[in-house]
Amino acid sequence: MIDKRVASCASAVADIKDGDTVMIGGFGEAGSPIELIHALIDHGAKNLTVINNNTGSGRVGLAALIENGQVAKMICSYPRTANSLVFPELYRSGKIELELVPQGTLAERIRAGGAGIPAFFTKTSVGTPLADGKECRRFEGDDYVMERGLKADFALIKAKQADRYGNLTFNKTARNFAPIMAMAAKNTLVQVNEMVELGVLDPENVITPGIFVNALIEVTHPQQESQLVKDGIVYPQTNNPATSSIKEVNVGETQA
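Letter by letter, the sequence shown follows residues 1 to 256 in this note's numbering.
There's no promise every hint is true.
Said to hold, decoys possible - Simulated restraints, written as ranges between beta carbons of each label pair: (1) A7 / D142: 49 to 59 Å; (2) T122 / G199: 36 to 46 Å; (3) E197 / S93: 27 to 37 Å; (4) P209 / T173: 19 to 29 Å; (5) V206 / A82: 32 to 42 Å.
No wet-lab data here; the hints were simulated from the structure. Source: prediction; values computed, not measured. No residue lacks a Cβ here, since even glycine has one placed at the ideal position from N, Cα and C.
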């Protein structure tokens with residue numbers, strides 16, 4: 001088995017290149033991999049297609065990635081929320097593309113991509129503008145619209161615990177899209193709250209097995225998006241008071 005740990009968030013995202021499709025976990029704040037997103041901002045890859053439930057809050061995390069001009073297209077369900085300060089204006093000015101997908105359909109498109117299912121039919125969005133240009137068929141007296149599976153070059157997700165082989169557990173709602181994104185991406189990058197020794201994780205509690213994970217970085221005290229927004233933090237900025245505990249390790253190092 002392969003030790004999936006890397007030395008830093010920067011090294012985890014180093015292979016993301018211009019034009020890649022990136023899935024980012026999170027249901028609002030829950031499960032959002034803030035440290036990995038900020039590392040991607042620092043990395044500078046641009047013209048990205050990003051798949052997420054929403055478009056971020058305030059001027060940190062995903063919203064900061066968008067504001068920094070690195071995202072060409074968003075595929076999401078909720079492009080505007082109470083703290084959406086960035087995306088609406090960029091969209092209205094034609095500086096970013098949006099593919100709006102109903103939330104259940106978004107989850108199923110990601111799941112289908114990971115399961116090798118190229119397309120499926122659903123009743124959701126039939127007869128609405130979201131069905132325009134898509135194939136429609138009638139089954140058993142009801143109309144259905146065809147939706148295509150989603151895949152990505154990379155997935156950035158957040159987990160609660162992991163061992164060095166990449167087996168993951170999640171914290172309740174913070175699980176959200178992470179397991180299916182890990183399956184739908186060619187490369188899955190994980191920030192994890194706690195690394196544990198092999199054998200500590202109960203196999204019955206492992207949600208994502210290590211075969212779907214490519215890189216792990218331990219972030220023991222991750223930043224909370226809501227607190228950053230409340231404090232008016234902007235990323236990137238010099239002398240940012242928001243800090244987190246990111247444990248740098250040497251690959252192959254024994255770590256609890």
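Hints, one by one, checked against the model:
| no. | hint | in the structure |
| --- | --- | --- |
| 1 | A7 / D142: 49 to 59 Å | holds (53 Å) |
| 2 | T122 / G199: 36 to 46 Å | holds (42 Å) |
| 3 | E197 / S93: 27 to 37 Å | violated (51 Å) |
| 4 | P209 / T173: 19 to 29 Å | holds (21 Å) |
| 5 | V206 / A82: 32 to 42 Å | holds (35 Å) |
Comparing the model with each earlier hint shows a violation of hint 3 alone; every other hint is respected.
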